[in-house]
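Since chain A is already given, all that's left is putting chain B on it; use the hints.
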Amino acid sequence: MDVELLTTTLARALAFGTPLLLVALGEIVAERSGVVNLGVEGAMMLGAVAGFVVAAITGSAILGLAAAALAGALTAALHATLSVVLLANQHVSGLAIAIGGVGLANLVGRDWVGRPLPAAMPFVSVPVLKDVPLLGPALFTDQYVLSYVALAAAVLLWWLTFRTRLGLTVRAVGESPIAADTSGVSVRRVRFLAVTFGGLMAGLGGAYLSLAYRPSWGENITNGMGWIALGLTIFALWHPLRAIGAALLFGAFFTLSFRLQSVLPPELLTLLPYLVTIVALTLIALRGGRGAVGAPEALGTPYRRGER
Amino acid sequence: MRRLAWVPRAHTPPWLPAGVSLGAFVAALLVTAGIFAAYGLNPVTAYATIVERTLLSWRGFGEVVRKSIPLLLAGVGMALALRARFWNIGAEGQILAGAVAASAVALFLPGLGSFVIPVLYLAAFVAAAAYGLVPAFLKARLGVNEIITTLMLNYVAIYVVRWLINGPWRGRSVTGFSYSDRFPRETYLPVLEGTRVHLPTLVIGLVLAVVVAWLLRSTRLGFSIRLLGEGPEAARYAGVRLLPTTLALAALAAGAAGLAGAGEVAGIHHRLIEPTSISLGYGYTAILVALLARSRPLATPIAALLLGWVFAAGDVMKVSLQLPFQITDVITGVTLLLLVASEPLLTHRPSWRVVKPQATTRPAGRST
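Chains as they are written, first to last, in the numbering used here: chain A, 1 to 308; chain B, 1001 to 1368.
Extracted from the complex, chain B is given alone in its bound form:
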């Protein structure tokens, strides 16, 4: 009998992880083509429109880059957390924590002059790091499931921002809408001519990717983080101190997401606005960024750019193709599903061979 069997690989070819990531992404684009067809659109012309408006125009490409900035920052943090198997699903809330802190500086700390922008970033980093430390402490000290606590804190952050813009921080000059007063001019982040790409945040994101890569490769903390990723047993055996390591990595990961929040309010909106408009799900998509990049910080810029393109394409679909914006969530979900489904390919290769019925090997993936 001839049937499909999964043969364990002796070693993984170096091109394979990137190939599988890219393959999953391309397959998701094919699924999206199916969605276009279901909505009565010609997939070829739909994609042509998207490419034209996102890649072939300066302004359009600027939107791709500006949407990849928060994904890059939150994604680098997520990559770091995933290395230690710390499931920080809370980037969405941490982005908002950063946005709130940055807004506080911009609205209520006058007289900082040209220092205001560094102070605003710093405040955002610290606030988000503090927000991320809560679930990290509960996890490392008491074993409380961090997936649930970080997720709950996302909802908490959303409602705190809504309270602020409807209550204490509601703008005096604002009628009808709920948002804060406009920030003073000197807090506006410089942007690339003709786009909304706020350069300082982009540069911070790229630098952070390099720093985190260095941290993981060459420092004691990075070594501890990688050991944690091997499992708590291995880490304990090697003498890794669970609490400080978890706190450090969570603070860094959350702080990075917080910087993204500062970039969004000071670089784009110039006021604190409705939370789901500050972060369009960047925190959740950052998980996909980190997974596509296989938790390698230096690969996150590319993954962030790919998904930034999906977000920008979502805008084109909404405006030019009259498709509902929720499609981007579906694309994200499908890409994730395909990515996780293709995971076994990294450790096993499919082969058609003659097998005895009992001797079938099961397909296998990396265990949690």
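If we strip away everything but chain A, and leave its shape as in the complex, we get:
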């Protein structure tokens, strides 16, 4: 493969993989604290619509991003209230938010379908880094700001998760809430904040689509990307840096799959990402043998003081 092709493929992979990376990073944090949020598709959709509507009205992409982050965070806070505070079933709560969130976003966005966005986000390049051979043109030239944010967030989250007390606390809550509780950590507060942060990232992932990548609003704009990101979280083994690789791998695959355009009808081309997610999860499971690989021990288990 020549260098030119490699860099353009990587560049497109990043453009395509950015929303997946943003959402997966948020979900990694939530799941590291022990809570699965199946509602990310809903949070992404609500982020996308809130970002678009606010950016279209105010003419400011920054305000749009803020609105998207807020919408995503609020959506996840609802999930946290139900599953962490009220200790309701996480799966049901998440599904409810996914179904209701998608419906609500489509409802709100109904009058905005097909409208152009004057405040669309521009391409930017990162000074200094863009001159690095190979990686510069591939990852740091002419991408949207959110792509760089996603890459930086992955590195930052890796550092926070594995090198700081805060990260240790979050991991402890996800591995053994009873031990964390005993040592004076508020399991409820940590989980609530981790889930809410996850929603914030999902909101940004949605806004990337409606404010930058498209940039427009369309019904079901995320089209299952939130669910793919949930798969990516597992594929990345809950590791922020591996999430970069995983998102780029997914992105590269989709970019390259467009080369099959001449042999495959468009509908079958569109379904490849979903099939690949299944294959990826199967491969990672095969590698790790039976059962979950490196999943936080208390993932999906509500914590109630005084019960085990």
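Treat the hints with care, as some may be off.
[Said to hold, decoys possible] What follows is a list of derived Cβ distance ranges for each label pair: (1) Arg110(A) / Val1210(B): 20 to 28 Å; (2) Arg1196(B) / Ser125(A): 43 to 51 Å; (3) Arg1236(B) / Thr182(A): 25 to 33 Å.
[Unchecked claim] A few chain B residues facing chain A, derived, Cβ under 7 Å: (4) Met1152; (5) Val1156; (6) Asp1329; (7) Glu1343.
By construction, these hints were calculated from the structure, which means they are not laboratory data.
Glycine is no exception: its CB is placed at the ideal position from the N, C-alpha and C atoms.
Structure of chain B alone, referenced to chain A:
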């Protein structure tokens, strides 16, 4: 200090689960009244219109029943899967798999005569069961998360159907639209006079609810499924074989959804059409049906009828009240949220009592 505390219940009164389900549903209707008001409609007249067009007319009530048929079939399957804590979110795709198989029989297998309808149902069941076996095998054998795989397969099914109706199965007599040729007459399912209620599918759904209830209560497989629901540890300890049990329950659950797909294409549309018009989200709503019915197969017909009414009401809102159809998704989501939020009520009761600040009990729900 006097504050709200959650006291564990010694036992759950028998009326409570149904009461909580119904309460959540009624609360969701109140939230919907708020949505009506937000759209500038008088909630009372809006509901009056809906009731008049869905419950007080024969044709209208027929629509309620016909929309509850796929919900019943997929819902019974979902109830079975949930009993084993197998999160099959793939009913939507399994409905489509059934619709594709039924369409294949109707379009390409001539000369079956009066056997065509049973063959069409059988093909739909088998195809959907096979589709459901993939995630079940991956889950039971490798521990691959079934929520994600079943969901991915929903999208795969949607695009396969779109490919079929735009490509190889595109009707010869069809211009402008993408759908298959019309099925031959003998494949049309008999309907109740003046409605679109396709009776054979309805009867199959009701029979299946009874069969699944019996299966869960009185068979070895049912016992294994219930043990799986208690958790993998308990099941292993009791000697439940994970792989065959999971495969059996997934095949049955998916096959039931497939029958719903056959009913939609052979009973209503008489051709393979755009996937989101074959299933209007019935597969996702089936989860709510099963949860409202508390995973009891015999309660699913009632839950399916309630949600069939929501779907029919959605049509009235769209046509008569000029409201966007996406409202039904919001109602479904809100009902689910209220249902899950009220779950702690089953195991704990709220009470205002004098408590020491440290001694507050947290509200609690059933764990996953």
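Exercise. Hint by hint, work out which the structure violates, then give me just those numbers in ascending order.
Key: 1 and 2
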